[in-house]
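Novice: Listed below are the residues making up each chain.
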Amino acid sequence: MSNTQDSATDARASQAFVTLCAGVLPIWLRQLESSRTQSETAVAQMMQAFADIGPHIHLAQTHAHAIAQALTQADGGTLGLVEACERTLVPLSDLPALSSEQRQGVAAVLELVRGAVGALQAIAGPITNETKQVADHVENMYRGFQYQDRISQMMALLAADMSRLQEAANAGGGPVPELEAWLTRLESQYAMSEQRDTHNGTSGQGADDSKETTFF
Amino acid sequence: MAKTILVIDDSASLRQVVKMALTGAGYNVIEAGDGQAALALLDGRQINMAVCDVNMPIMNGIEFVKAAKALAAYKFMPILMLTTESQEEKKEQGKAAGAKAWMVKPFSPTQLVNAVSKLCV
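Going down the list, the sequences are from chains L and D. Quick note, the first sequence lines up with residues 1 to 216 if you use the working numbering. Quick note, the second sequence lines up with residues 217 to 337 if you use the working numbering.
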């Protein structure tokens, strides 16, 4: 095959490839944008559900805290009630004038009070623990939802880059963009270290960019 | 009276997360989707603090901080940058513009509320 024929074949192949890109890229773009929008909508809906239960969890935590405090306070709390009953009733039961039945009655009342307070304490501990665990899980979910924003940012960035590639493919006979410059420009737009790591195929600190708050 | 926080982020879901964390802690929240929309809200109303993303369309977070600091009524309004940007260079830009703190997403609501209560005095 002659050099002229080779060139003609290469030109046809290049043109076919450009046509392929020009046809495929807009579809990729639309699909990417559609997925991004859907994920944003899904998270917004989930967040709305949590917005509704959030105040109830907060209230449950407040109540659990109030119950624990009411039980453990020595003065005025439920434990204080046991101590007050003991202070008052134990000396009474020692009075010689009391009959055996009356003494048993005082002891029974004391046992009832101790039993009731003990039961309340046994309930309060798990309630406080459970509400704290629920609140911790919700806090973790709030954190998890934010990863959608990271994904959304990356998808938007890729969509913009695909759009540029599409424009370049449609430009016709103009100069083909240089690969290194293209990749440098793409990398300069990353906000997160994980994006740079992925771009370069290196293993960095992954998705955990989060550090303590920096105060200036 | 509850303090008012202006939350600026182009992501609606992120604004929701921030709003839920702050309203749960007793703050009032008003929202804007970019720096320019946020500037339009700096119209003399009482705003105690702003929580602002960095990468946004139309007007980014750093530009917003500079513009807000140029307004006499909001010159001393503390601004917390809340962003996925973790580069020191960007942090320095935020500091130079007048931001008071920098927090990287994803954040925990407790972390955010602690920072806001520290800045919003």
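If you're looking for bench data, these hints aren't it; they were derived computationally from the structure. Just so it is clear, CB atoms sit at the ideal spot from N, CA and C, and this is done for glycine as well. Accuracy of the hints is not assured; some may be wrong.
Which chain L residues face chain D? A few, computed with CB under 8 Å, are given here [said to hold, decoys possible]:
no., residue
1, Cys21
2, Trp28
3, Phe50
4, Ile53
5, Gln61
6, Cys85
7, Arg87
8, Thr198
9, His199
Under the rule of at most 20 Å between Cα atoms (straight-line distance), these lysine to any residue pairs were calculated in the SDA-like manner [to be verified]:
no., chain 1, residue 1, chain 2, residue 2
10, D, Lys219, L, Gln189
11, D, Lys311, L, Met154
12, D, Lys307, L, Phe216
13, D, Lys334, L, Arg150
14, D, Lys307, L, Gln189
15, D, Lys282, L, Ser39
16, D, Lys306, D, Ile263
17, D, Lys306, L, Tyr190
18, D, Lys334, L, Leu186
19, L, Lys132, D, Lys219
20, D, Lys307, L, Lys132
21, D, Lys219, D, Ile274
22, D, Lys306, L, Thr72
23, D, Lys306, L, Thr213
24, D, Lys307, L, Ser193
25, D, Lys219, L, Val109
26, D, Lys219, L, Glu187
27, D, Lys307, L, Phe215
28, L, Lys132, D, Glu308
29, D, Lys306, L, Ser163
30, D, Lys306, L, Lys132
31, D, Lys334, L, Glu187
32, D, Lys334, D, Ile263
33, L, Lys132, D, Ala241
34, L, Lys132, D, Lys282
35, D, Lys334, L, Asp197
36, D, Lys282, L, Met154
37, D, Lys311, L, Gly54
38, D, Lys291, D, Ala241
39, D, Lys334, L, Thr213
40, D, Lys285, L, Tyr190
Novice: Take the hints in turn and mark each one as holding or not.
Specialist: Tested hints:
| no. | hint | in the structure |
| --- | --- | --- |
| 1 | Cys21 | violated (27 Å) |
| 2 | Trp28 | violated (22 Å) |
| 3 | Phe50 | holds (7 Å) |
| 4 | Ile53 | violated (10 Å) |
| 5 | Gln61 | violated (10 Å) |
| 6 | Cys85 | violated (39 Å) |
| 7 | Arg87 | violated (41 Å) |
| 8 | Thr198 | violated (14 Å) |
| 9 | His199 | violated (14 Å) |
| 10 | Lys219/D with Gln189/L | violated (35 Å) |
| 11 | Lys311/D with Met154/L | violated (26 Å) |
| 12 | Lys307/D with Phe216/L | holds (9 Å) |
| 13 | Lys334/D with Arg150/L | violated (27 Å) |
| 14 | Lys307/D with Gln189/L | holds (16 Å) |
| 15 | Lys282/D with Ser39/L | violated (33 Å) |
| 16 | Lys306/D with Ile263/D | violated (25 Å) |
| 17 | Lys306/D with Tyr190/L | holds (12 Å) |
| 18 | Lys334/D with Leu186/L | violated (37 Å) |
| 19 | Lys132/L with Lys219/D | violated (26 Å) |
| 20 | Lys307/D with Lys132/L | violated (34 Å) |
| 21 | Lys219/D with Ile274/D | violated (28 Å) |
| 22 | Lys306/D with Thr72/L | violated (50 Å) |
| 23 | Lys306/D with Thr213/L | holds (14 Å) |
| 24 | Lys307/D with Ser193/L | holds (14 Å) |
| 25 | Lys219/D with Val109/L | violated (52 Å) |
| 26 | Lys219/D with Glu187/L | violated (40 Å) |
| 27 | Lys307/D with Phe215/L | holds (10 Å) |
| 28 | Lys132/L with Glu308/D | violated (38 Å) |
| 29 | Lys306/D with Ser163/L | violated (27 Å) |
| 30 | Lys306/D with Lys132/L | violated (36 Å) |
| 31 | Lys334/D with Glu187/L | violated (35 Å) |
| 32 | Lys334/D with Ile263/D | holds (16 Å) |
| 33 | Lys132/L with Ala241/D | holds (16 Å) |
| 34 | Lys132/L with Lys282/D | violated (41 Å) |
| 35 | Lys334/D with Asp197/L | violated (34 Å) |
| 36 | Lys282/D with Met154/L | violated (27 Å) |
| 37 | Lys311/D with Gly54/L | violated (34 Å) |
| 38 | Lys291/D with Ala241/D | violated (25 Å) |
| 39 | Lys334/D with Thr213/L | holds (11 Å) |
| 40 | Lys285/D with Tyr190/L | violated (27 Å) |
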